[in-house]
Amino acid sequence: MNIDEALKSIADHFGSRILKVSKRSAKRAYVDIYPKDVVDVVRYIFKEMAFRFNIASAVDDFDGLEILYHFSYDASGIVISVRALLKDKEDPHIDTITEITRSAWWIEREIHELFGIEFDGNHDLRPLLLPDDWPSGVYPLRKNFVAQKRDSREE
Amino acid sequence: MSHKAHVPIGPYHPLQEEPEFYKLVVDGEVVVDVDVRIGYNHRGIEKISEAKSFDQSIFIVERICGICSSSHPISCVQAIEDIADITVPERALYIRSINQELERIHSHLLWLGLAGHFLGYNTVFMWAWKYRELICDIMETVTGNRQNYAMLKVGGVRRDIEKEHVPYILSRLDELLPKLDMLKGAVLDDPVIHARLKGVGVLTKDAAIDYAALGPVARASGIDIDARRDHPYAAYDRVKWNVITREEGDVFAKTVVRILEMYESASIIRQCLDKMPQGPIDSNPKDIPAGEGIGLAEAPRGECFHYIKSDGTNSPIRHKIRAPTYMNFPTFRETVIGQTISDATIILAGIDPCYCCTERMLIVDTKDKDLMNVEKLIKLSQDKTARIKEKMGIK
Numbered sequence: 001m002n003i004d005e006a007l008k009s010i011a012d013h014f015g016s017r018i019l020k021v022s023k024r025s026a027k028r029a030y031v032d033i034y035p036k037d038v039v040d041v042v043r044y045i046f047k048e049m050a051f052r053f054n055i056a057s058a059v060d061d062f063d064g065l066e067i068l069y070h071f072s073y074d075a076s077g078i079v080i081s082v083r084a085l086l087k088d089k090e091d092p093h094i095d096t097i098t099e100i101t102r103s104a105w106w107i108e109r110e111i112h113e114l115f116g117i118e119f120d121g122n123h124d125l126r127p128l129l130l131p132d133d134w135p136s137g138v139y140p141l142r143k144n145f146v147a148q149k150r151d152s153r154e155e
Numbered sequence: 001m002s003h004k005a006h007v008p009i010g011p012y013h014p015l016q017e018e019p020e021f022y023k024l025v026v027d028g029e030v031v032v033d034v035d036v037r038i039g040y041n042h043r044g045i046e047k048i049s050e051a052k053s054f055d056q057s058i059f060i061v062e063r064i065c066g067i068c069s070s071s072h073p074i075s076c077v078q079a080i081e082d083i084a085d086i087t088v089p090e091r092a093l094y095i096r097s098i099n100q101e102l103e104r105i106h107s108h109l110l111w112l113g114l115a116g117h118f119l120g121y122n123t124v125f126m127w128a129w130k131y132r133e134l135i136c137d138i139m140e141t142v143t144g145n146r147q148n149y150a151m152l153k154v155g156g157v158r159r160d161i162e163k164e165h166v167p168y169i170l171s172r173l174d175e176l177l178p179k180l181d182m183l184k185g186a187v188l189d190d191p192v193i194h195a196r197l198k199g200v201g202v203l204t205k206d207a208a209i210d211y212a213a214l215g216p217v218a219r220a221s222g223i224d225i226d227a228r229r230d231h232p233y234a235a236y237d238r239v240k241w242n243v244i245t246r247e248e249g250d251v252f253a254k255t256v257v258r259i260l261e262m263y264e265s266a267s268i269i270r271q272c273l274d275k276m277p278q279g280p281i282d283s284n285p286k287d288i289p290a291g292e293g294i295g296l297a298e299a300p301r302g303e304c305f306h307y308i309k310s311d312g313t314n315s316p317i318r319h320k321i322r323a324p325t326y327m328n329f330p331t332f333r334e335t336v337i338g339q340t341i342s343d344a345t346i347i348l349a350g351i352d353p354c355y356c357c358t359e360r361m362l363i364v365d366t367k368d369k370d371l372m373n374v375e376k377l378i379k380l381s382q383d384k385t386a387r388i389k390e391k392m393g394i395k
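Chains E and G, in that order, give the protein sequences. Using my numbering, you'd call the opening residue of the first sequence number 1 and step up by one each time. Using my numbering, you'd call the opening residue of the second sequence number 1 and step up by one each time.
Simulated from the structure, these hints should not be mistaken for laboratory data. Hints are not guaranteed to be accurate.
[As the list claims (entries may be wrong)] Below, simulated PhoX-like cross-link-like pairs (lysine-lysine); rule was C-alpha separation at most 20 Å, straight line:
id, chain 1, residue 1, chain 2, residue 2
1, E, Lys89, G, Lys47
2, E, Lys36, E, Lys47
3, G, Lys184, G, Lys130
4, G, Lys130, G, Lys179
5, G, Lys286, G, Lys23
6, G, Lys379, G, Lys389
7, G, Lys389, E, Lys143
8, E, Lys143, G, Lys52
9, E, Lys47, G, Lys379
10, G, Lys286, G, Lys52
11, E, Lys47, E, Lys8
12, G, Lys198, G, Lys184
[Said to hold, decoys possible] So the derived list for chain E, only partly shown, Cβ under 7 Å to chain G, looks like this:
id, residue
13, Ser57
14, Thr98
15, Ile100
16, Thr101
[What the hints assert, rightly or not] Chain E is nowhere near these chain G residues, computed Cβ spacing over 12 Å in every case:
id, residue
17, Glu29
18, Tyr168
19, Val202
20, Ile294
21, Lys320
22, Thr331
23, Lys376
All C-beta atoms, glycine included, are put in the ideal place defined by N, C-alpha and C.
Please build the complete structure, drawing on both the sequences and the hints.
Structure, rendered in structure tokens:
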């Protein structure tokens with residue numbers, strides 16, 4: 001399966017539920033979807049098309065919080081990233097994909113604590129990296145977070 | 001009546017003295033549940049990288065880990081090259097491969113030594129770490145550093161491999177290979193090691209796919225993936241080599257995969273030195289445009305993944321880093337449940353976990369508590385080997 005076949009398969013299966021398909025190169029492509037479709041799209045790519053889940057990553061951008069699910073198909077060396085934009089930065093929500101693959105177990109916990117995105121249906125969103133006494137509502141990878149200087153002499 | 005006990009381990013890592021916290025729930029000798037807490041040394045490198053220029057971020061990611069100190073930079077430069085469509089000169093690609101493979105041999109030897117130590121084979125530990133020095137010597141000669149080589153830059157490499165270094169590298173490899181044979185024999189032909197590792201901590205193929213396991217952990221469970229072959233980078237598609245796989249998924253299979261991979265690495269280095277063309281080592285790219293890129297590289301522990309998003313300025317607006325242990329570690333839960341506590345250490349070691357950390361102070365209240373510390377756990381594991389030896393009549 002080369003990248004065109006893979007993108008065609010996704011486009012045929014989901015039709016108008018796919019917002020945009022951008023082929024970046026012969027090995028890389030980005031597929032934009034609505035946040036509500038994430039479970040269906042991820043299940044199709046992971047289970048039906050047998051892609052491997054690389055990782056998810058979030059970006060704090062001007063028009064919202066962007067979450068990307070990266071998948072690779074190792075037999076032909078392609079990476080397809082599924083992008084969903086959460087416009088409400090105050091209360092971002094997306095469905096969990098841990099029901100589909102347990103490999104998303106840690107990364108949802110991590111994005112939850114670093115970006116403040118709620119994964120609906122994931123009941124284990126304990127902190128993974130941050131200390132237990134980290135203040136609530138403070139998300140270090142958001143752009144409005146400014147790290148404090150560790151040494152008071154520098155101030 | 002069953003009695004469940006909690007065994008806290010950490011936050012020092014039972015294998016490499018890195019801070020991690022495990023809570024094993026045991027029923028008698030058998031592990032029935034496990035919970036892990038990480039982040040004791042989270043350094044926020046993804047956030048730091050957003051404040052650095054693209055050139056600086058390569059040096060930052062090089063310091064994520066002292067063992068994989070060329071895997072993170074190579075993923076990082078490949079992600080940036082993906083954004084800007086930069087072509088890397090041929091000679092630089094070969095140098096990148098040589099650097100990566102030298103790192104793989106030294107990392108696998110380091111692991112083999114530690115695994116030997118946990119089984120009570122301290123001779124294997126001494127040998128493996130002694131012969132690892134041969135590789136560190138090559139690294140020092142070629143790059144100037146034993147670790148943190150600072151070889152990579154966007155568009156090429158920072159240092160050339162000098163003509164007079166080639167015979168030196170070859171002679172060191174010639175010295176290493178007979179030692180590898182000896183280590184391979186000592187480990188793979190030993191009946192006690194078979195008894196300790198075979199059938200222990202089995203990760204099934206289905207579970208490995210579900211957890212998206214990587215590197216030697218996945219390959220030992222019959223998943224034929226290797227980023228060097230599947231997502232060709234550096235000079236791996238220009239030389240002949242094999243991906244080592246095993247079907248069993250136990251700790252023994254993981255050991256076999258790692259040992260045999262060292263031979264493949266040595267073969268790749270020889271072919272690269274032989275085929276490496278003359279020419280420039282750097283394409284000197286200037287600006288990085290707006291866009292996003294993904295870089296993949298096969299670190300000794302599995303695929304290393306970097307996602308970088310640029311807005312056209314000099315620094316990334318997002319730099320996501322995913323180290324291989326991040327995916328491999330959760331498989332520990334799958335493999336350790338149902339096993340005895342004396343095997344827990346070697347099952348964990350089978351993943352070859354790497355947390356890229358330094359130490360951190362902790363106060364433990366030992367009053368009225370029976371504490372299981374690292375020494376006791378290693379002792380448990382070593383005692384089991386001693387019992388097996390006694391049973392087999394080996395002294």
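Status of the hints after comparison with the structure:
no. : hint                : verdict
1   : E:Lys89 - G:Lys47   : holds, 19 Å
2   : E:Lys36 - E:Lys47   : holds, 19 Å
3   : G:Lys184 - G:Lys130 : holds, 15 Å
4   : G:Lys130 - G:Lys179 : holds, 10 Å
5   : G:Lys286 - G:Lys23  : violated, 50 Å
6   : G:Lys379 - G:Lys389 : holds, 15 Å
7   : G:Lys389 - E:Lys143 : violated, 59 Å
8   : E:Lys143 - G:Lys52  : holds, 15 Å
9   : E:Lys47 - G:Lys379  : violated, 43 Å
10  : G:Lys286 - G:Lys52  : holds, 16 Å
11  : E:Lys47 - E:Lys8    : holds, 17 Å
12  : G:Lys198 - G:Lys184 : holds, 16 Å
13  : Ser57               : holds, 4 Å
14  : Thr98               : violated, 11 Å
15  : Ile100              : violated, 9 Å
16  : Thr101              : holds, 6 Å
17  : Glu29               : holds, 27 Å
18  : Tyr168              : holds, 35 Å
19  : Val202              : holds, 17 Å
20  : Ile294              : violated, 5 Å
21  : Lys320              : violated, 4 Å
22  : Thr331              : violated, 9 Å
23  : Lys376              : holds, 26 Å
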